[in-house]
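Student: As given, the protein sequences belong to chains A and B, one line each in that order.
For the first sequence, my numbering begins at 3 and goes up steadily by one.
For the second sequence, my numbering begins at 971 and goes up steadily by one.
These are calculated hints, taken from the structure and not from any lab test.
One or more of the hints may lead you astray.
[To be verified] In the PhoX-like style, the derived pairs of lysine-lysine whose C-alpha atoms are separated by at most 20 Å in a straight line are:
(1) A:234 x B:1053
(2) A:350 x B:982
(3) B:1070 x B:1118
(4) A:227 x A:74
(5) A:74 x B:1118
(6) B:1118 x B:1133
(7) A:394 x A:60
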Amino acid sequence: MEDVKQLETTTAAPEPDIQDFVYDPHEERMLLNFGPSHPATHGTLRLMMELDGEIVIKCQPDLGFLHHGFEKLGEYRSYNQVVTITDRMNYLSPMNNNFAYILAVEELFDFEITKRAQYFRVILAELSRIMDHLVNVSTQAMDLGAFTVILYLFRERENIYNLFELLTGTRLTISYARLGGFARDRDIPDEFFPQLKRFVSGFPNTLDDVDNLLSHNKIWLNRTKGVGIIEKEDGINYGITGPCLRCSGIPLDLRVSQPYSSYEDFDFDIPIGETGDTYDRYLVRMEEMKQSVRIIQQAANNFPEGEISADSDSKVTLPAKDEVYGSIEGLIHQFEIIMENRGTQAPKGESYVATEAPNGELGFFVISNQGRGPYRFRVRPPSFYNYQILPKLIEGGLLSDVVAVLSSLNIIAGELDR
Amino acid sequence: MASNLELIDKVKSEFSNSVLETANQFDQAAVSVKREDVAEVLQFLRDDPETDFDFLIDVCGVDYLEMGGIERYAIVYQLYSLKHSHRLRIKAYVPENDLKIDTVSHLWPAAEWAEREVYDMYGIEFNNHPDMRRILNPDDFEGFALRKDFPVEGIGYREDYEKIERATGQEEAGN
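Chain A on its own, in the form it takes in the complex (with noise of 0.2 Å):
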């Protein structure tokens, strides 16, 4: 530990982000702090940027405001229990979150998942992407002074979130995902696909209105084109990944590539930018709500028959609630899951699945050490990774394209943080 101790010493610097600048008062450049509380932020994002009048010239990024230490809470709790926190790191899709650490802990246990309950996840699934833009969209376009487009995505994302509260009873933390399943009862109430059908079939006309608003608006060209241009290399060796990393051309989408939960039945368009700037991102967002309305209906239409939860036989499944209340047998199976030193214990093994969140790659790595939960929980943030070609966008350009540029990244400061 001691030596510890003095490694610590040497290397932290007492307030290394403003050492770093070299202030120079007869060039009249200046130090600006941007952030953590500033309103286009969105969040708890800091940013010490040395400026020569209106030019950025240099800029580093200062994180951990939002961090609550998600990765070492993981490791005391049960796989189950899990869920309620991969809800929070990414608060704008929480579905995709659950959805994704729930198919890291399966491959562990070796399931297999019914096809009615992998097109459900999958409908869930691109509600939530759709969610996710439209909230980047619309504040995007808030935070470069159209109001109006707020307005008009906002009332779509009420729309997802009744349907989240019709089937969940919760509308930003759903915590829907468990091991084989979902939550609560097996049946999906009977008025959620007649909502479904009705918001799939407004949506569209929505995302026109805003395509009139925006892509062929002077002031939103000239405030996005050419902005924060990402080019092909430097999204390769940053890892950025999704839509950042798409809008430079580069057709990377896991549901494709690596298809996971019967991504493969679906027909849809991967969308890719040319440029790589920041009105490249905000079309490719445009397209991507529109290919996962498409595939929400292709799931919808095509909906498998049958059980939703995979067997409850494998004592790792909880058992339908009707069936606790109703039967000995699902009370005693019910007990033995949720109960302290009981509980169903993973084979020992790593797994690392990844699937494709609305910012990115979003990973989990799951190590089991044949406990309740897991022994070390680990997240690959798309954010983290997104937010650190942040400096490399903007040096160079002016302090106002700083914002286009920040919310066009749609960082997540819960999941950047953790």
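Dock chain B against chain A, hints included.
Tutor: Same frame as chain A, now just chain B:
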């Protein structure tokens, strides 16, 4: 697209002296290498056209204190190839008495923050890293949070707070 076994064999044949163990569990290929060679192995895997791992997806640390293993700590690198869309996991064990490993941030800039996070959480220092300091925790944070011997409730933060004794119900009624 090379299969998992082909990838493992490739690493084994190129670096026969540095491969410690291999695994192909859950259809995921994993290779453990000696920590002195990890940068060299990763560079080979990136540049070789057959493997072509152009993405460094993730770098994370693991503390194997309660699990047993070759050494206490391990650094895990997740690789992905855009062209072949295959994956490989490279692991390098770090002994407890010498917490040092070579950086790979000169190969992938993506590793820069990820390695800072490993240092922040486990105290493992990366040689030749451009900016080796804490990233998520504050600079004056003591200890390394993701080590297994670090308590989940933290160390010492609550000791500084003044303890406020709550008045009992009777005293409140008397006042």
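Student: State for each hint whether it applies.
Tutor: Evaluated hints:
Proposed proximity of residue 234 (chain A) and residue 1053 (chain B) is supported: the alpha carbons are some 14 Å apart, at most 20 Å. The hinted pair formed by residue 350 (chain A) and residue 982 (chain B) fails the criterion: a straight-line CA distance of about 24 Å is larger than 20 Å. About 19 Å separates the Cα atoms of residue 1070 (chain B) and residue 1118 (chain B), which keeps this hinted pair within 20 Å; it holds. Taking the CA atoms of residue 227 (chain A) and residue 74 (chain A), the gap is about 42 Å. The hint is violated against a cut of 20 Å.
At most 20 Å may separate the alpha-carbon atoms for a hinted pair to count; residue 74 (chain A) and residue 1118 (chain B) meet this at roughly 9 Å. Of the supplied pair hints, the one linking residue 1118 (chain B) and residue 1133 (chain B) is violated, its CA atoms being roughly 29 Å apart against a limit of 20 Å. At roughly 9 Å between alpha-carbon atoms, residue 394 (chain A) and residue 60 (chain A) fall within 20 Å of each other, so this suggested pair holds.
Violated hints, listed in ascending order, are 2, 4, 6; each of the other numbered hints is respected by the structure.
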